[in-house]
Amino acid sequence: MMSANKSTGFFRGWFASGEPWIWMNAAAVGVSVSAVVGIVLLIAVKGLAHFWPADVAKISFEDKNGQQQLVFGELIELDDLPVKQFLESGGNPNWVTEGDPRMQRWLVKTGNRKTNPPDFRWIYVNQINNTETPGGVIVLERVEWGNAYGVPKTLTVGRENPQTITGEALMPTLLERLARGDTIREEIHSLEGGAMNAINVGLERLRLQMRQINRTLPVDEAALAEALTERSQLNAQYNDLEKQLREFYRQLDQDQLIILDAQGSEISLRLADVLRIWQPNNMNALEKIAEYVGNLWLFLSEDPREANTEGGVFPAIFGTVLMVLLMSVMVTPFGVIAAVYLREYAKQGPLVRSIRIAVNNLAGVPSIVYGVFGLGFFVYFLGGNIDQLFFTDALPSPTFGTPGLIWASLTLALLTVPVVIVSTEEGLTRIPRNLREGSMALGATQAETLFKVILPMASPAILTGVILAVARAAGEVAPLMLVGVVKLAPTLPVDGTFPYLHLDRKFMHLGFHIYDVGFQSPNVEAARPLVYATSLLLVILIVGLNLTAIRLRGRLERLYRGVES
Amino acid sequence: LSLIMQNQIHVGRLSPRRHWTNVLTRYTVGVGGAAVIGAITLIFAYLLWVVAPILLPAEIETPTDYRIVERPTALVDVSENGEAMVRISETGIVEFFSVADGSGIAAFDLGRTIVKAKRLSPLVDTYALLDDNNNLLFVKTDYIIDFDNGQRRLSPKLSFPFSNRSIPLGPLDNFDAQLADDDLVIATVSGTQVSLTRFKNVEIGYRLGGSAQVTLASTVQAQEVFLVPRNQWIYLLSKSGEIDVLGIKSLQRVSRIYQGSLAPAGSTITAVTPLLGRYSLLTANDQGDIVQWGALVTANETRFVALRTFDVGQPVAQLITEPRRKGFLSVANDGELSLLYPTSGRLLDQRPSSLPASAPMAISPRSNLLIAAPQDGLITAHGLDNKHPEISWSALWAEVWYEGYEEPIFSWQSSSADNDFEPKFSLTPLAFGTMKAAFYALLFAVPIALMGAIYTAYFMAPAMRALVKPGIEIMAALPTVILGFLGGLWLAPIIEANLSSVLSVFVFLPVLLFAFALAWSLLPEKIVHSTSGWYGLIVTPLIIGSVYLAFQFGPFFENTFFGGNSRAWFLEVLGLSYDQRNALVVGIIMGLAVIPTIFSIAEDAVYAVPTHLVRGSLALGATPWQTLVKVVLLTASPGIFSAVMIGMGRAVGETMIVLMATGNTPLMDFNIFEGMRTFAANIAVELPESEVDSSHYRILFLAALVLFLFTFVLNTVAEVVRQRLRRRYGSL
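Sequence order for the protein chains is B and D.
If you want this note's numbering, it's the 1-based position in the first sequence plus 93.
If you want this note's numbering, it's the 1-based position in the second sequence plus 332.
Among these hints, one or two may not hold up.
Partner residues are not named here, just some residues of chain B that face chain D (Cβ under 7 Å, in silico) [what the hints assert, rightly or not]:
#	residue
1	Ala-121
2	Val-122
3	Ala-262
4	Phe-470
It should be emphasised that the hints constitute simulated quantities derived from the structure, not laboratory data.
Small disclaimer: the values here were computed from a predicted structure and weren't measured.
Note that beta-carbon positions come from the ideal geometry of N, C-alpha and C, so glycine has one too.
Next comes chain D alone, as it looks inside the complex (with noise of 0.2 Å):
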């Protein structure tokens, strides 16, 4: 063809307007063709593109350093948004420095010594500060955007979030505090001495009301005290590493909560810290270790458990923990920084570095941050590039042992209501659901779908097919939103309410089958034989009439088995319990979504077999069945297989059926009567509400990722085997 026409060019007899056509025409299809083909390669293009920073290795990077004013620091922060430093300096000068170059923005003189200077737990911008006379006060920043003349202008304000009324605190060794909601709770120690302040009804911009005050001898000498979420219980950490807690809840009535240690024998804490959420604590031993550890409560004790232990090959002198994640970093003695990640179990990054192991350092609550003062004219910045440390191949996929858990387990869910959850990304549940669903879809499916197809194709009158086949294959358009309706709304009550009916089912249609197929066959041989096109028609009113006795004898099989109780005899003697949306409805359902794809490839397949193999295998003497089973469907063998490939795919991929006939719970449990939670509507579900690019994102762009791979092989795989088989006809 493209010789002739280039001859056409050649012998140049075109006028302008024909040739410019057709070059334009050429150029046109070739381009649109590409696009199109485009198109398609920028979907595995762009879903790469958005998974692929979560493989991204994290980065602590080279540091800034910033000259400021020569004080002795007592605290170095970041704000919110990432463009200003605060420091609080011993000698009660809070100053302000821009990220971007250093310079000084704003300072506020509070006009006392500070010797501590810690966060109020849980705020970000709020300290509590602790001067020489033990006295408290608490001040919070706040950075205000305005425009001057079109201009953007941050200006840092200092207020006193309940007052300027600082709080005696009597002598002491170290104090925590924290503001739960509202109630404020100052705890201090001092020897074995602990004392508790609480002020109820607390509200930050009013003063604070009268306080309750609580004295207590504890067992440890606690050099470390830290409050836990909602004020329950207090941690009192010794340097050994002996560890009282006390439930709070009441100052009236304090009871001890546990007593243990946090550090092998004969070795020292050399840092501690709780992390996000005060669910469990970081602490690091001189022997290298840095072990998280959870508070385990269960029915009747509370204990402590090492939930993980990290490495980073050297001790650590200081444990600092990211304001709004998990995540921490910890500075050897020697300076050197490690990037960790609890949840993942990561070492994410490792840099050594010249500061001073114990000079006062913070992470911005962005987590892009690190800032330190080692000396007192000096705040270094490290940018941290570590967007998701919460994703690794552990965490996807194997057992993680969260916070608060008695054990390590597969946990998909994704966020909750509170800020210091943590999230559990496991796709592990959603595989196995994706697995689940597709299992008991397809073995509901393929047998109907295979034996109707040949019979379809070998046996039936060539009247019947030309109306059955059509009418399966409408089927495979019938929205699945229909038929996950009818599944969650219909079928799954139906079955909740009948499910000694609907299992006798398969007891009746098989039995009443064989007995009516062993009657036929004592009719005349001419009947049989002339009817054999038509059994698919003959036996339809025997299906409806069988389950029409199975669900007229339903209830006396529920007596006579089951107790008059199906579902509780599952759940007594089997220990299946039993969700009204469930495997078997999706199993049902989806398999009705599944049949007509493998009814309509199987059936060509099998319809496609030569005529001639099968009149000779008749000549020969084989009966038609034995043709069938001997010499059809090994011909047809690598169709059928690839129709039930293709039948797995659609299944692996269905969302709305999942979404409508199961209870969407991340279940790992193969139970036909409860349901499960799988990759597509799971994405269906999470994905509208998901923030755009955060891990949850991308884990869910991996979700889909995942899924088009494996359909896309599955379906290349079958489509490469069909065309091997029709080489394979080619040749006979």
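The shape of chain B in the complex, shown without the other chains (with noise of 0.2 Å):
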């Protein structure tokens, strides 16, 4: 009796106290910390695993029909589902260990798509008869169907005279040759890009000359003979480029290399088709190091390939790092400007107090409303209007009446605009009153106050906003989905071409690039790391410019500190 007493004493103290109310509170704190570094954690660990050029191993295992099977593949992850799931769906009870309540599997990276789909494939455990790595075994990375696995068996070289190369001699050769193939590809890569995309630029900038002629009246025959002589001029370069391209890939197209697969049957793969090829289980720690930072930088630097699913990002990365340049240019001037005119000109009081209030709503407005205003006003109004006065050759396909890289920025820089905005004041209403009246003290007009005084002191809080307002839109996705992102844009915004800046080309984007790959890829499973990868870069990009603006911020800070005293 006693001791009960006690303890409910005990326990209504302790409540009283409020104790389990703060550690509820803390746990509070411990979740939402362990969320940010988990997501961040993740993120990492599953974008950086991808570049790791894995052993391949042999497996064999017992298929569904109980027929043993023998495949190379890389061990991507192991999970487990209930052994209920399992048998539902219906799966083999031979393979469910007594007494374990899950059933654990591997997703395996299988790779040859073509003779012996589908690439990934989940593997239980207890199917696995062995697992081996042999040493020898290549991954050839190629232009379609994703990567190979196999022995390499023989490779031949040449049409004409055909050399056949086995053994010792073989791997050498086949290194020699993909070297070879590469420089191809790259000749073909600047005769595509170069000549004749310029020649093409002409044909289209003739065919609307053409039009031109042909609509106004009378039609003007010198001036059509004229365009035609160039057509016909320029169409005849194109065929001698065109056949010289033709050789280009019958110079690529010379070998045949042929691999066997784990259970020992030839696959014949044109070499043309091979972009790389490694041998991870030959590789020391070292080795596949440099091949790890190697894949990384082919992450970075190519072009994606297979519906995004292969490949690199660099038109996304570039795209993205455009459009936020574009973006600032655009947002800097006009979000000082105003921010300049509510704390320095404007007449302080209800009416800018209010414009005060309603610019930093802005920011809570949703970004989905900046697109539909952006497609709805900037796309379709102004660019309509554009196109009506400037472009009415092109008509009725739209030149800048389309989503486009201009559009998405100034949309942006609309989104963007208010941060800059209550940024720049904050750096303004921080800097002392004493401070203007000193300058105009000693004559100088209020222009040079401004130009020498409070912009010079307020710039690093400019800058801050100019960071946290680049920061937001490299991460926006939704606006930009309606103004001018694409999944694959055949040409970046930048090329040699006059203009040489095309503001009303469609452009790539990581955000979008990780929604498209994500969510509209035809193979989610090949495509899901490399949008971890994407998704990585993004997150060190945006937080290492939140980063950058804190720390801008924090100086600041103490900078005027120093001023107030």
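Mind assembling these two chains? They're in different frames, but the hints should get you there.
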């Protein structure tokens, strides 16, 4: 009895002290912090693991029909699911371990999508008889159909006098022929992107010119004839280049490689389709690290392939950076001017106060609303009218009256202008009044005070604002989906043809790339690691920008503490 | 300041260059500032400008009369592009006139007497003409635009879609013809006798092949006959409103689908016409009602239900439907025209006219012109300004009885592959989805963010706070597309496979936390006291541990409480079906996106509570917890309120997370295991495909405007509350 009373008394006192509630509050902080750290770690681990040249295992397992199977594959991840679910989905009851409520399974990347699909498969641990990592297995990264795995058998070099190479000489020759292929591919790339592209641009210009001539009455026959001659000249040049191109392709497609898959059956590949090869099982740690760094670099510098599920993200990085740059060029002056106006020039009163609140609140308006406005006003209204005025030749196909780089930058500039205004205003408020008065007392005009005293002092705040604006813009996707982003842009917005910077072009964007590859891609398993890697890239970019802004703000605070004292 | 400035100018010691720089700067800043603020207001103004036309009333405009050659008219119509009118006369002459000035453009003589003419359903440019010998001929109009010496010219052409051979039909009272893909059916009625002729593999531009024929007896004295979509059924309707529906999928096995009446007893039908798509029939009776009847097919029966009734004030003699939309126009006995739209249930406009009620009439394919032939030598055209008839307050927000549904429902289904689809523009499911997503997100985020803010501001050691606060704020900068991707492709499958483990986290965490806190309080007073600022750190392994334990014991829970399959259990016991991408996933992931917003503002509010209040309270003997609850939270409550408001604004407008972590189905179900469709996600999905200036486009703009206003008002309230708070601290 006594003890019971004592313990209730203790609990009452303990609750009254608020101790359990304090712990609960502390747990809330713990949950938030764990979530942030967890998310960043998850993305980092999953994103970085993809580039590691994992060993290729030779797995022998029993398939659904009780047949023995042999495959080469990379073990991607271990997962488990309840036995019940496994059985309900028609799993083989023989594979269940007695007493274990869950089934362990490996996600294995087996590649060879063309000869032995699918390229990713789940293999239950209990299904597997044996796993080994035989040396000599090569991984081939191909132009299409994903990776291939196998042991090289023969390489046939040359079409006219084929030479068959086997044994010791095979690998060195293979690497040498691949290097040759790279050189030819580069030639093809520069031919297509350079001379042939220039001719295409010329032909399009001529087409519009001829349409214009035909439309104006009376038809200017001389001009038309001139345009026709020019067109036939260009076409002739194009044909020559095409011949050259065909020759390159013929040169490229000289060799045939035969590899053996795990079952020992031959797979014949055109070496022209192979981009890179490596032998993970024969590599030591150092070589693997080198390969890893190489893979990372390729991811950053290459174009995507195979509906964005392979290759790199270079155009997306380029598009994001260019769009954000254009946006900051627009947002900085306007944001600063508006802040200076509100703080230094406008008469402080209820009107300015309510404008300030409105500007502040615009930062809370959903970004999709800006996208809707951008599409309606910038693209259809402004762009449509620009087309009517300046690009009538090309109508009805729109030039500026369709989503594009300029409209995306403008929309995001509008979206982020409150960020710059608020930050700049904060900086301006912190500048002590006596500095302004001192400057004026020395005879400076208001403009001189602004340019020589106030703006330099506010520059860290302005910079903070711009950085925050850039960070926000780089991560926005929803409005961009409406005003200019595409999943695959055929050309970069900057190239060698006049006017070099093509503001009307559509572009790729890292954030949209994540959405598109993760959700619209036909081969989600193949794409997922790339999405993690892209996410990591975006997180690093944005967190980096934000940390810079936070540090700048801290420096700014210290600076003014000095001025004020 | 401005006083000083003006003095300077008056003193006049400035060199012109300095003076002008100063003036120029002032104007540049003024103009620039005003421009930015103007640009911001432009957003609101532009959204409103796009939305406004749906609020404007429709209008039947003043008529234009065209004098033309006098001939008895069998049919009038307007070309697809609205530039030419066509009249088919009873004397067999097809003439084309310009809509601009009524001048004749072309004429063709068919050389026969026409007694009845109809459009060949569902085409708008092809007509079935019945001559006085009961032969049926199909003609097709084409409008070719070419340039003659730079002059745009419209040349109408008349062609025979199935050769110029006519089809003999025998004596008849009425007929109908419909081409469903390659299946042409001609139906005729004569007394109670129905004859059907079917041509298979029909292609426009080619001769008709062999036909199958059947003659049957109907139970009604049919005055009207209509073939319905895909030539599945035929409707036979008598003067007194009795209807007989026959299934004619196969002419060998014609079956009776339905028999009944479409008019109240004792009344007679004065006009009847099928709406576009022929899923529903409009009947007008002599009591002055226009009723929309829909055929409702359920598993065991087919019946006709009155979807809605219109009252135009007096008996109607003729009903004319729009060829490309579901709207129609009624003509009263005295010629009064009423423009109506079924889905929105709107009587759009009424206008008296001198048109004889039985005059041949037609609405143009673009629904912007009504033409009629009141006399042999006259065509009267009324412009119809009627761009968004499908939108009304009730169509947007109330339950609507759509064609083919058993009852009125809320539905958002804006487009389909079919041309005769009835768009469903109810914003209610989207508003509901938006609220549902925001509710679950806030349910998760508000407690965590507020409690975290309280701890961070009030209890946490300064050294830890300096790291934790920016750390959580960084989370605000994480792109939502990444969170959405993790939600949809990482978290959703995990929750699906481990539902009971995830749910048991909510059991393990509080229990373990409680036990741990109890154990900690038994430690020496000194340790407890000195560590209270670090609880947040101490507790983190505990959180990770309880998640780990929950996943270890998850299968155990699954077997013990949920019979081995929690998803099946929820469906059978609670009736909750499970989608992989659901409100639980959105709640957690969007919660994570909202936490930093709420946390940051609430933390500022709690931190800003003046220390002398806290010290005073503590000095009077209150414990830190009592001080927090009774003094600090009360003082900071407006700030906390505004934090929640701003968090809600963010949750309501978030796009990418909802787009990626839900199935985007516009459901009206609060079930946490099912998805939803929000305004923002809906805009992102549908706006790029929406036709500019269509009703759909404007409704999406309306959704954006609603989002804009909602968040703007929410944030303004929050801001005003926060400013009041600041003023109160100022006085303390």
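Taking the hints in turn, this is what the structure says about them:
1. Ala-121: holds (4 Å)
2. Val-122: Cβ of Val-122/B sits 4 Å from chain D, so the hint holds.
3. Ala-262: violated (46 Å)
4. Phe-470: Cβ of Phe-470/B sits 5 Å from chain D, so the hint holds.
Violation of the numbered hints given earlier is confined to hint 3; every other hint is satisfied by the structure.
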